[in-house]
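Residue numbers (the numbering used here), protein chains in the order written: chain A, 1 to 433; chain B, 1 to 280.
It should be emphasised that the hints constitute simulated quantities derived from the structure, not laboratory data. Please note that the accuracy of each hint is not assured.
Cross-link-like lysine-lysine pairs, in silico, DSS-like; alpha carbons within 30 Å at most [as the list claims (entries may be wrong)]:
no.: 1; chain 1: A; residue 1: LYS14; chain 2: B; residue 2: LYS69
no.: 2; chain 1: A; residue 1: LYS14; chain 2: B; residue 2: LYS146
no.: 3; chain 1: A; residue 1: LYS300; chain 2: A; residue 2: LYS281
no.: 4; chain 1: A; residue 1: LYS300; chain 2: A; residue 2: LYS410
no.: 5; chain 1: B; residue 1: LYS120; chain 2: B; residue 2: LYS146
no.: 6; chain 1: B; residue 1: LYS69; chain 2: B; residue 2: LYS120
no.: 7; chain 1: A; residue 1: LYS410; chain 2: A; residue 2: LYS366
no.: 8; chain 1: A; residue 1: LYS266; chain 2: A; residue 2: LYS300
no.: 9; chain 1: B; residue 1: LYS141; chain 2: A; residue 2: LYS14
Non-contacting residues of chain B with respect to chain A, defined by C-beta distances greater than 12 Å in every case (computed) [as the list claims (entries may be wrong)]:
no.: 10; residue: THR30
no.: 11; residue: GLY52
no.: 12; residue: SER60
no.: 13; residue: GLY71
no.: 14; residue: ILE86
no.: 15; residue: GLN98
no.: 16; residue: GLY152
no.: 17; residue: ASP174
no.: 18; residue: HIS206
no.: 19; residue: GLU234
Using N, Cα and C, we set each Cβ at its ideal position, and we do this for glycine too.
Now for the letters of each chain:
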Amino acid sequence: MRVLLTEMRRGEAKGAAALMGAIGVYYFTAESPAQSDWIGWWTQTSLRVQLYSVIVMGPVTSAAAAWGAGRAFRHRTRVWADTAARGGWAQALLLWLAVWLWALLAYGVLVAVAFSRTAEVSDVSEPAWTPLLLGAGMLGLEIAAGVAIGSALPSRVVAPFAGILWYALFVFVAFVPDTPPAKLFPAIDEFWSSEFEPNTARMLIAFAWCLALGLLLTALPALRRRASLAPRPVALGALVVAAVVAGGALVAFRTPTPDSYWAVRKAQPAQPLCATSGRTKVCLWPEDRHLLPGARAAVKTVDERLGTLEGLNRAFYASGLKRPAGPVAELSLMTPAETEADLTDALFAAALPQPESADCEAHPLKQTGGFPDTFLFEAVIRDRAGAPGEYYGEKFGRVLARVTGAPAAKQDAWIETAAGDIRACRPVPEPPR
Amino acid sequence: MTAGRAGVEAVAAVEAVASVAAVTVRYGSTIALDDVSLEFPSGVTGLLGPNGAGKSTLLSLLSTARRPKSGTVTLLGDEAPGRARIQRLRQRIGVLPQSFGFYPRFTVLEFTEYAAWLRKVPAAQRRERAFDALRLVQMEKHADRKMGALSGGMLRRVGIAQAMVNEPALVLLDEPTVGLDPAQRVGFRALIQELGERSAVVMSTHLAEDVAHVCDRVAVLIEGSVRFTGTVAELCALPDGGAPGKDGKDGKDGKDGKEIDGGAVEAGYLHLAGTEAVAT
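Only chain A is shown next, with the shape it has when bound in the complex (with noise of 0.2 Å):
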């Protein structure tokens, strides 16, 4: 424990881990809830800190693991080294323990900080952990890495080389996702809707993964260096078999696209969190309690601008809640919905009809410019709802202000006739003058 301590001081990962430790919370605390698209959500919370870990840390403290595993070479230890009676595998582990140590105190700063932010927001107190635990198994498979190519190649020029590797690794990954590499080496850049949660297995057998390759990478220094007491063929033959089975279950598993491969659909909760203002109703996830607030704000505007329009959508229920029979409308909060306008126009958004038919193709409405008659249709439900939505030009702005300038009764029949038939896929009728 001691010399392990003593590792930990005198290495250089300390200052790597420091360094990137501050900027994380820089990072952390930097940025505004109002436009956060992780603060508040717990999962997507843990999703950040790792993915920041993995992609910024990771390579970083890789490249301390790599100046770190040269130093026997540099300072000339290596000749009693090699005839001490703790064995070749034995000094390249206490070298990654004590970056990976480093790495994960400053991971753990991460943490409490990232999770300080999302719970000044969210009402609820669930921290997902699995993501938490494979970003600590990449960091550690990261400067186990760091480690090998270190003592492979103990020049001061390729230590850099350690964390470039592993950067283009994930610029190569995000270029060509859903490859066995994405699957292998996981830097998890994706945002779940609260529909999702982490998909536990795959996280745990992926961590299972990172730590025997990352434990079998530090095995090769002393696999090389003939002269210090090679490893145990049975602890070898172990860590490749955990590995090899990690390693092949991984990327034989599959998931129906879009989704993640990391996430699940989670278990519809035994009672959603719902706000009602007469007609108008919308229903969210649990874990979106921190968003209910603004939610009752915004069914309320929704529900007064529309007023006793029929035709509309006016139940609304977040993406993946099980939905009731009849014109219910699934509300995306794919790109959270921060603020009561954000979420006020995502109402609106929603509770304009849709076709009930996946195949049916847009009508051209010539009076606009052969813009599609469902566009006129939202610009009007907008206009009236004082949401104005998009430009599309004076001729469409005429027949928009010809519509709207109509007697009410007139516009209110035009909406609702011209609701049932893009549901039923038919042109709209003729705007009223």
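Please arrange chain B on chain A, whose structure you already have, making use of the hints.
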């Protein structure tokens, strides 16, 4: 100590702590050790020879860092041990390499404790053993100093301490006095003599003067072959002009193993190619 190229002779009925028999080591086409047989009893044994004579290679065999292509190495009663036994053997061997590397950021105590960890000294005893070793080399007052801040002589002392931290039965010192000034060298010789009272010490050197002052026995290695084995007194008793043949039998004094092929004793000084002359 034994002599002769093919056989092993016991000298003065001293039990050998380590021995090599008919050992040959090659580096590619270069023969580093050629059919070498030697025994190393307790006390200090000097390996004397010029650079490239095979001294470091012989020490690497004794430290188990290398295995011979042919011949046997017996260490602490163990011949050709397997992995587990090598591990146990290494716990009883201390090594100070010629090029003693160290971690400059470590303190003296931390470094010695690290060496104790490498030698598998039980965790509960490491600190105590480290202090004992530092006391032995009179470095305990510098325990908290960084290794990078030590002088050459102090570093050598810490090098000895790390070799002694596991209380070894066999200590291997490769050119331990190189780089020391004359005053430091004198102090160091006394230390090595003290080590010889605790453990069997094998010390390689190309400085004949070190051998003369420190060693109980000496083996002269030249070009991978043993050219002389015996006590220092026997070495010093060689007549002037001693210039024997390679087989060790056709020297001027006519005694097996008392001649130095490749060297000579002239006017009371031992001369070896690549070594300093030493007064006999």
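Taking the hints in turn, this is what the structure says about them:
no.: 1; hint: A/LYS14 to B/LYS69; result: violated (44 Å)
no.: 2; hint: A/LYS14 to B/LYS146; result: holds (18 Å)
no.: 3; hint: A/LYS300 to A/LYS281; result: holds (9 Å)
no.: 4; hint: A/LYS300 to A/LYS410; result: holds (25 Å)
no.: 5; hint: B/LYS120 to B/LYS146; result: holds (23 Å)
no.: 6; hint: B/LYS69 to B/LYS120; result: holds (28 Å)
no.: 7; hint: A/LYS410 to A/LYS366; result: holds (21 Å)
no.: 8; hint: A/LYS266 to A/LYS300; result: holds (29 Å)
no.: 9; hint: B/LYS141 to A/LYS14; result: holds (28 Å)
no.: 10; hint: THR30; result: holds (19 Å)
no.: 11; hint: GLY52; result: holds (17 Å)
no.: 12; hint: SER60; result: violated (8 Å)
no.: 13; hint: GLY71; result: holds (18 Å)
no.: 14; hint: ILE86; result: violated (7 Å)
no.: 15; hint: GLN98; result: violated (8 Å)
no.: 16; hint: GLY152; result: holds (14 Å)
no.: 17; hint: ASP174; result: violated (9 Å)
no.: 18; hint: HIS206; result: holds (18 Å)
no.: 19; hint: GLU234; result: holds (31 Å)
Going down the numbered hints, you'll see the structure goes against 1, 12, 14, 15, 17, while the others check out.
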